[in-house]
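J.: All chains, full assembly: derive it from the sequences and hints.
For the record, the sequence lines run as chains P and W.
Residues in the first sequence are numbered from 42 upward in steps of one, following the working numbering.
Residues in the second sequence are numbered from 42 upward in steps of one, following the working numbering.
Any given hint could turn out to be false.
For chains that are exact copies, the list does not tell them apart, and a pair is met inside one copy or across any two.
Claimed, not checked - Only pairs whose alpha carbons sit at most 25 Å apart, straight line, appear in this in silico BS3-like list of lysine-lysine:
no., residue 1, residue 2
1, Lys59, Lys92
2, Lys92, Lys113
3, Lys64, Lys92
No lab work stands behind these hints: they were computed from the structure.
2 protein chains.
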Amino acid sequence: MLIDHDQRRAELAAAVWKVIQRKGVTAVSLRAVAAEAGLSTGSLRHVFPAKADLLAFSMQLVHQRFSARAEKHNTEQNPDLMAWLCELLPLDDERRLEMDVNLALFAEGGTSPQALHMRESTATGVHEVCRHALRHPGIRPHLRSDLDLSWEIPRLAALIDGLAFQLQARTALLPPDLAVRILRDHTDALRAN
Amino acid sequence: MLIDHDQRRAELAAAVWKVIQRKGVTAVSLRAVAAEAGLSTGSLRHVFPAKADLLAFSMQLVHQRFSARAEKHNTEQNPDLMAWLCELLPLDDERRLEMDVNLALFAEGGTSPQALHMRESTATGVHEVCRHALRHPGIRPHLRSDLDLSWEIPRLAALIDGLAFQLQARTALLPPDLAVRILRDHTDALRAN
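T.: See below:
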């Protein structure tokens, strides 16, 4: 029963993503999402009473998917730092879609406490991955011993967020291979010789 | 007559910004903007036939305001590099509002050619400021002569976009003074000794 409920919620979140991707976040409404999921608006309201609940849950799910992917590296003994950090860049269709949903919901931030919380959790998520990666016992010993991680973590998080943002615009100014080279150059400078 | 028309358009764009700031981009509709501006929906349609036109014009205006502010530094003989680049960071209410509008419209990207164009022009604008700044005859001679600007410009643009994005989330992880210190550290490393 609980599983069915969770699965229904996940299906509805997927319908939200589809609407966002195809028509933009301004097109998200209970009616549009119900139609996308093949449900009546009444049934949808039974699970998510208001649009804000639906949006918040959709973002949570993006964060969960993303965290699960990043956490994989955290459990490895000798994780590859670049592979780990590249999870944060929209370099394939799955991550581009996640980034679109994330941006759409981030852009709603500032309009309500719930929306602001979504914005904070997006910003915090990137920091956490950087923190876990730079402090990982399979990675930290290979970095310069004089690094101040309380400085390096926000610096790395900002660079990654900016690369992700620019990549999502798909301009010729930052093709994916250049973004990866910039990130690699940054992490190489953190390594002990 | 033309001036009146332009002024009306600017007033309507300001009404769009207010709606976005207070209720999020999902709340923008011809009806909501007309109400905010104290007009009938019919009068609004006379100026902007569709919501997409209204959003596109609002973003153009954000870019114009921003470019005018950045261009000021470009016309100085010895511009201050940090002051120039800090125009790109949401460090005061005006720039936070612009950033909110920008993010909201950026988030719509990918859903139509017009929306994609807005996304591209946001990403491109940051690159252009970085390019003008690093190549400025009052700044370039003070930078390391071995710098490859085709590498440094996208690297700087990505860092700035990421700092702006993180600042807009207003978390304790990146307070404004830390963002400015990270940017200063980055530009210091570009300078000739």
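J.: Does each hint fit the structure? Answer for all of them.
T.: For each hint, the structure was consulted:
1. In the homo-oligomer, the alpha carbons of Lys59 and Lys92 lie at most 25 Å apart both inside one protomer (15 Å) and across protomers (21 Å), since each shortest distance falls under that limit.
2. Neither within a single protomer nor between protomers do Lys92 and Lys113 lie at most 25 Å apart by alpha-carbon distance, with minima of 32 Å and 43 Å respectively.
3. Both within a single protomer and between protomers do Lys64 and Lys92 lie at most 25 Å apart by alpha-carbon distance, with minima of 16 Å and 13 Å respectively.
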